[in-house]
Amino acid sequence: MARRANALQSIRQGIDDAPLLVLDAGNALLGYGTSYEQGGALTREAMDLMGYDAMAVGGVDLELGVAHLRSVADEAGFAVLSANLVSRDTGLPPFSPYVIIQRAGVRVGILGLTEDTALDQAPDAESYEVLAYDATLAAYIDDVASQSDLVVLLSHVGLQDDKLLAETYDAIDVVIGGRNARRLLAPESVNGTPIVQLGARGEDLGRLEIALDGDNRPIASRWQVIALGPEFADDPEVASLVHRYRVAAQSPTSSTEAEAAD
Amino acid sequence: MRPPATRGRGLRPGHLALSSERRRFGSTRLTHSIRWAVALSVLLGCAALLAACGTALTPTIPLVADPTSAFSATATPTLASATPEPTATEPPTATPTPEGAVTLVILHTTDVFGQMDPCG
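If you read the protein sequences in the order shown, they are chains D and B. Be aware that the first sequence starts at 1, since it is given in the numbering used here, and climbs by one per residue. Be aware that the second sequence starts at 1001, since it is given in the numbering used here, and climbs by one per residue.
Do not rely on the hints blindly, as some may be mistaken.
[Claimed, not checked] Ranges of calculated distance between the beta carbons of each label pair, as one might list FRET restraints: (1) D:GLN160 / B:ASP1117: 50 to 60 Å; (2) B:ASP1117 / D:ASP17: 31 to 41 Å; (3) D:ASP124 / B:ASP1117: 46 to 56 Å; (4) D:ASP170 / B:ARG1035: 50 to 60 Å; (5) D:ARG107 / B:ASP1117: 34 to 44 Å; (6) B:ASP1117 / D:ILE100: 31 to 41 Å; (7) D:GLU129 / B:ASP1117: 33 to 43 Å; (8) D:GLU75 / B:ASP1117: 15 to 25 Å; (9) B:ARG1035 / D:GLU167: 50 to 60 Å; (10) D:GLN13 / B:ASP1117: 16 to 26 Å; (11) D:GLN121 / B:ARG1035: 51 to 61 Å; (12) B:ASP1117 / D:GLY77: 21 to 31 Å.
[As the list claims (entries may be wrong)] Okay, the calculated bits of chain D under chain B, using three or more residues with CB under 8 Å as the criterion: (13) 3-15; (14) 37-44; (15) 103-115; (16) 132-146; (17) 173-182; (18) 200-208.
These are computed hints drawn from the structure, not numbers from a lab. In this text, all values refer to a predicted model and were calculated from it rather than measured experimentally. Just so it is clear, CB atoms sit at the ideal spot from N, CA and C, and this is done for glycine as well.
Let's have the full structure, built from the sequences with the hints guiding it.
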């Protein structure tokens, strides 16, 4: 995590004023050890420090419940997205379906999708349901595209379905995927749409560059996978954050918030 | 006047040198084999270390652009190296873009599972 922060900071400095987005395709907040025990507060705070703009909801993010993730999302400085996770009572999504982010005059529409098994471990699963990917995109894609120069599908549904969706919906310009935990060696290209996906556990950082013409339409792209090896030093601020949470987790009076250790 | 076919035959330096090299190669073939075996072992050892660290040796692989689309894509996976590079985050070569165009950079992750210490 601290390595990733350092890599992100280095890249930010290296690209000067070029427009930049930092995204996660899901299963970011919960999972291992302290991150799970602290209810995702550590990861959320670290992602804020790293300047994430948006993440998609994955099944692991829901293991403490939809309501819990909703409370974490309320504290986050980035958008938590899922267009197809909805309340059974209201039919409304508890998270934003999409977000439009403007960078250097470029309007980027980012639409989140969650996998169909995402509620399997959620304690409040009976109150929610995951809608079909295709029907969800059909409901939202025109709305997103009409407000955007570039449409990014931030997807945790898996590569196979990502390909089908890219084939079906011309309005999707890029798919940034997750779920398979398998790093692609090169982008898949379906219907002219690049689909990228990294491996798991934060061992890689993907760098996708999209060249836009004078009308902000995509004309070319290139993808680079940066292996976060030991050559990246730990970012001191994030390393300190992790240390504080670990101390709090080991304390007999620890709460689920890091403030207990401050 | 000598016939061209026999001119210099057996006297050219190249012939002598070639014969000499062949003799040397024959006498040191075992040494060369051992050197190759040692080099191969070192390479396999490095690869095993990288694999244990969850990274993969991935050569630069260009993606063939979809000929039906103006939106082409290329991939340049980073070659994980046992020796740290001087500039770990050296930006890739700039993609040529038309005048007035911009390049949007998207950095992304997935399935981090709240992992705090990738690879130790």
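Results of checking the hints against the structure:
1. D:GLN160 / B:ASP1117: 50 to 60 Å: 31 Å, violated
2. B:ASP1117 / D:ASP17: 31 to 41 Å: Distance hint for B:ASP1117, D:ASP17 holds at roughly 33 Å.
3. D:ASP124 / B:ASP1117: 46 to 56 Å: The hinted range 46 to 56 Å is violated for D:ASP124 and B:ASP1117, with Cβ atoms some 31 Å apart.
4. D:ASP170 / B:ARG1035: 50 to 60 Å: The hint (50 to 60 Å, Cβ to Cβ) holds, given that D:ASP170 and B:ARG1035 are roughly 57 Å apart.
5. D:ARG107 / B:ASP1117: 34 to 44 Å: 37 Å, holds
6. B:ASP1117 / D:ILE100: 31 to 41 Å: 35 Å, holds
7. D:GLU129 / B:ASP1117: 33 to 43 Å: Given about 36 Å between the Cβ atoms, the range holds.
8. D:GLU75 / B:ASP1117: 15 to 25 Å: 24 Å, holds
9. B:ARG1035 / D:GLU167: 50 to 60 Å: Holds - the Cβ-Cβ distance for B:ARG1035 and D:GLU167, about 52 Å, lies within 50 to 60 Å.
10. D:GLN13 / B:ASP1117: 16 to 26 Å: 24 Å, holds
11. D:GLN121 / B:ARG1035: 51 to 61 Å: This hint holds: roughly 55 Å between Cβ atoms.
12. B:ASP1117 / D:GLY77: 21 to 31 Å: 23 Å, holds
13. 3-15: holds (count 8)
14. 37-44: holds (count 3)
15. 103-115: This one holds; 5 residues, not fewer than the three required, reach chain B with a Cβ under 8 Å.
16. 132-146: violated (count 0)
17. 173-182: holds (count 7)
18. 200-208: It holds: at least three residues are needed, and the stretch 200-208 of chain D offers 9 whose Cβ sits within less than 8 Å of chain B.
Of the numbered hints given earlier, the model fails hints 1, 3 and 16; all others are met.
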